[in-house]
Amino acid sequence: MGTLRPMAFSIFRKQIFSPTTFLWEVEAPDMAAAAHPGQFVMLRLHEGGERIPLTVADFDRDRGTITMVVKVVGKTTEEMATYLEGDTFQDFIGPLGAPTHIAQKGHVVFVGGGLGVAPIYPVLRAFKKMGNRTTTIVGFRNEQEIFWKDRFEEFSDNLIVMTDDGSVGKKGTTADALKDVLETGVNIDEVFTVGPLGMMEVIAELTRSKKIPTFASMNSIMVDGIGMCGSCRVTVDGNVLFACVDGPDMDAHKVDFKEMKIRQKRFRNEEGVLLQKYHTECRAQTKGVSA
Amino acid sequence: MTETRGKKIQPIRTKMPELAPEKRRLVFDEVNCGFDITMAHQEAERCLFCKKPLCMQGCPVAINIPMFIKNIVEGNMLEAYHVLKASNPLPAVCGRVCPQEIQCEQKCIVGKKGEPVAIGHLERFVGDWAIEQGIKSEKPESDLSIGKKVAIVGSGPAGIACAHDLARAGLAVTIFEGLHEAGGVLSYGIPPFRLSRKVISEEIKSLKSMGVKIEFNKVIGKIFSIQQLLTEKGFSAVFIGTGAGLPKFMGIPGEYLNGVMSSNEFLTRVNLMDGFNHADTPVGMGSRVAVIGAGNTALDTARTALRMGAEEVVIVYRRTQNESPARAEELRHATEEGIRFSWLTNPIALHGDVDGNVTEMECMRMELGEPDASGRRSPQAVPGSEFRIKADTVVYGLGTVTNPIISRSTPEIKTNKWGYLEVDPTTQMTSMPGVFAGGDIVTGAATVILALGAGRRAASGILKYLGLVKEEAANGVTVS
Chain P
1 MGTLRPMAFS IFRKQIFSPT TFLWEVEAPD MAAAAHPGQF VMLRLHEGGE RIPLTVADFD
61 RDRGTITMVV KVVGKTTEEM ATYLEGDTFQ DFIGPLGAPT HIAQKGHVVF VGGGLGVAPI
121 YPVLRAFKKM GNRTTTIVGF RNEQEIFWKD RFEEFSDNLI VMTDDGSVGK KGTTADALKD
181 VLETGVNIDE VFTVGPLGMM EVIAELTRSK KIPTFASMNS IMVDGIGMCG SCRVTVDGNV
241 LFACVDGPDM DAHKVDFKEM KIRQKRFRNE EGVLLQKYHT ECRAQTKGVS A
Chain F
1 MTETRGKKIQ PIRTKMPELA PEKRRLVFDE VNCGFDITMA HQEAERCLFC KKPLCMQGCP
61 VAINIPMFIK NIVEGNMLEA YHVLKASNPL PAVCGRVCPQ EIQCEQKCIV GKKGEPVAIG
121 HLERFVGDWA IEQGIKSEKP ESDLSIGKKV AIVGSGPAGI ACAHDLARAG LAVTIFEGLH
181 EAGGVLSYGI PPFRLSRKVI SEEIKSLKSM GVKIEFNKVI GKIFSIQQLL TEKGFSAVFI
241 GTGAGLPKFM GIPGEYLNGV MSSNEFLTRV NLMDGFNHAD TPVGMGSRVA VIGAGNTALD
301 TARTALRMGA EEVVIVYRRT QNESPARAEE LRHATEEGIR FSWLTNPIAL HGDVDGNVTE
361 MECMRMELGE PDASGRRSPQ AVPGSEFRIK ADTVVYGLGT VTNPIISRST PEIKTNKWGY
421 LEVDPTTQMT SMPGVFAGGD IVTGAATVIL ALGAGRRAAS GILKYLGLVK EEAANGVTVS
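Chains as they are written, first to last, in the numbering used here: chain P, 1 to 291; chain F, 1 to 480.
One should not assume that every hint holds.
Here chain P is said to cover these stretches of chain F; the calculated rule only asks that three of the stretch's residues, wherever they fall, bring their Cβ under 8 Å from a Cβ of chain P [said to hold, decoys possible]: (1) 175-188; (2) 221-232; (3) 245-257; (4) 262-272; (5) 275-284.
Computed footprint of chain F on chain P, listed as stretches where at least three residues anywhere in the stretch have a Cβ under 8 Å from a Cβ of chain F [stated by the list, open to error]: (6) 215-228; (7) 256-263; (8) 269-282.
Since the hints were made in silico from the structure, they are not lab data. Every residue, glycine too, gets a C-beta built ideally from N, C-alpha and C.
Given only the sequences and the hints, what does the whole structure look like? Please build it.
As structure tokens, then:
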């Protein structure tokens, strides 16, 4: 409709981790004050832009900021990568979703991969501050993609870094690492996992037979994110739940990952077309500038 | 001419000019073009100006219908507008979307011998006239309520009505809206071909000119709790008008398939996220669209799909056209535009291809049995009648259940067994003192006009609660 409103939010800090991964720390004092570990936010860059969900990677109530680690996966995230520190954008909504249930459990294992590495951090920190023993497993493609190792170390009794190529830490997947931990026979009271659906599914399978309560943060496709459209529905134990208001954390042993993996590809074609169109426009703009 | 009570009356109502079906089926322009002044006069002349107007009994907010129509006849447009506004803050909207045929117009005496007076079209005419003239609701000079702030949660019809009345009474009003546009269902739900975006933005502008502030992207229950609004944010009262909630699905096999979504999702992608301008948000529609349900939302979905370029759109409903809750006008418009209806049809499963995209909807033929408790004849499946409809997009227009954000974050507010907020029917106050609610979050999915009525009742309730209104004036907004 185009209600012209000022660009209300500004990027306080940007940090580039790799060609496809970067961090935005955004000034949003009210949101930071209300945020809890496990919640997500939504943002829309400008008029006509998508409203996309991003899991909170950190919040700082003193600085009044919300931090997200973003991986380029489509048009909007690619566009975000071009924004610089101090740049402003239109809409920032949250915190949304139910916070992760933090309690004194004993030994809690955190498994994060891909997009899910950063969101592990505030949950890990909260569990550690609660007095839990923590084991953290984070997976990266290679050495260049690694970030926040020091942060994870600070709150982990045991930090296991996995890389696909073995350039740092151990070579292998996060599931390989969890398998190793399970084989040592150490008691695990809870597992919390964030990452690609395939990874979370494997993690859930590993803990199922041992009956270790396991929670997965579901990063469903959303539109409003406030309990209206039903885009984010997840089948859990045969019931339809909504990641935006019932989640994002769901009982990983009960989530129908097979369905989720299909639903995650809903807009693959359209997203491809959109990205191509964006690339064409960018090239045209660059040419315009150089000419 | 027919004669009623000694007055000769044209039995046929003045026809609303419409875009021709072949012109409108691919554009989002409004289908109804509105009366011109001659048409409005001609139609207004059909009113009998009854002494005991039954039409007013049919109006959920009791607009003084004969009086506003009389003013049209006499050429006092501004006065006609004021009469409407005294009961209804959104005449241009309600003139378009109210189901007049089961409200005011159903009771119209003229309708006994011919067609009832086109009250809705006249209301729209006056509302549009005021917008064109740039007439804004004035902020009152009264500063009786200085120091009192009221928070409104949600900028849909209920919130707008409540904000309007409170601002008129001189209170400082802030609306917290969870989305990035104002209007609630008017913006994300009702498509532009039924309600032009200009009308909504003008109504919002008018509200702002009264001093009402709107804070976008603020989800109450998340960023601020209701309790916080009442304490650290300094609001003396809160009105909750958060509207409809999560969509209903049927629980049949294959609902997870890609291409299957709710009307809320489809319409939000197209309306709120600018899908009709091919903005960044994908819509995910194919070429053969099946819509389940036959209410107004289902019809909006079907007609939107057509405009988004669907080759074939079919509405599937387990009862018949007679039981369809949609407005007669919408059914007629949809039919003219080429929407196909499959009555007495109930989906039992959805089938897809190897990639998980929906391809077919399996249905049963139904027949109407004996009337059930609600008096409606309940549909029963005809054994062995299974058949399939080809569809690459299936949209559920089956209504909604409650949105849980407020109730989960505010245990102080009592809810009923469906999760809707419980309120005092006269004041709209919830079980939490100073917190009022109205619209779909209280009643479940209902009409714009009922939400407006609830918002206005809540405004009276709030004024009373704040000690700013005399008891006997509780139904109006007279400030003491």
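Against the structure, the hints come out as follows:
1. Requiring three or more residues with a Cβ within less than 8 Å of a Cβ of chain P, the coverage given for the region 175-188 of chain F holds, as 7 such residues are present.
2. With 3 residues having a beta carbon nearer than 8 Å to a beta carbon of chain P, the region 221-232 of chain F meets the requirement of three or more and the stated coverage holds.
3. Three residues within the 8 Å Cβ limit are the bar, and the region 245-257 of chain F against chain P gives 8, so the coverage statement holds.
4. Given a C-beta distance limit of less than 8 Å, the hint that chain P covers the region 262-272 of chain F holds, as 6 residues qualify and 3 suffice.
5. Using a Cβ-Cβ cut-off of 8 Å, 7 residues of the region 275-284 of chain F lie near chain P, which meets the minimum of three, so the contact claim holds.
6. For the region 215-228 of chain P, the assignment as covered by chain F holds, since 5 residues bring a beta-carbon within under 8 Å of that chain's beta-carbons and 3 suffice.
7. Proximity of the region 256-263 of chain P to chain F, defined as three or more residues with a beta carbon under 8 Å from a beta carbon of that chain, is established by the 4 residues found.
8. Interface restraint, the region 269-282 of chain P with chain F: holds (3 residues with C-beta to C-beta distance below 8 Å; minimum three).
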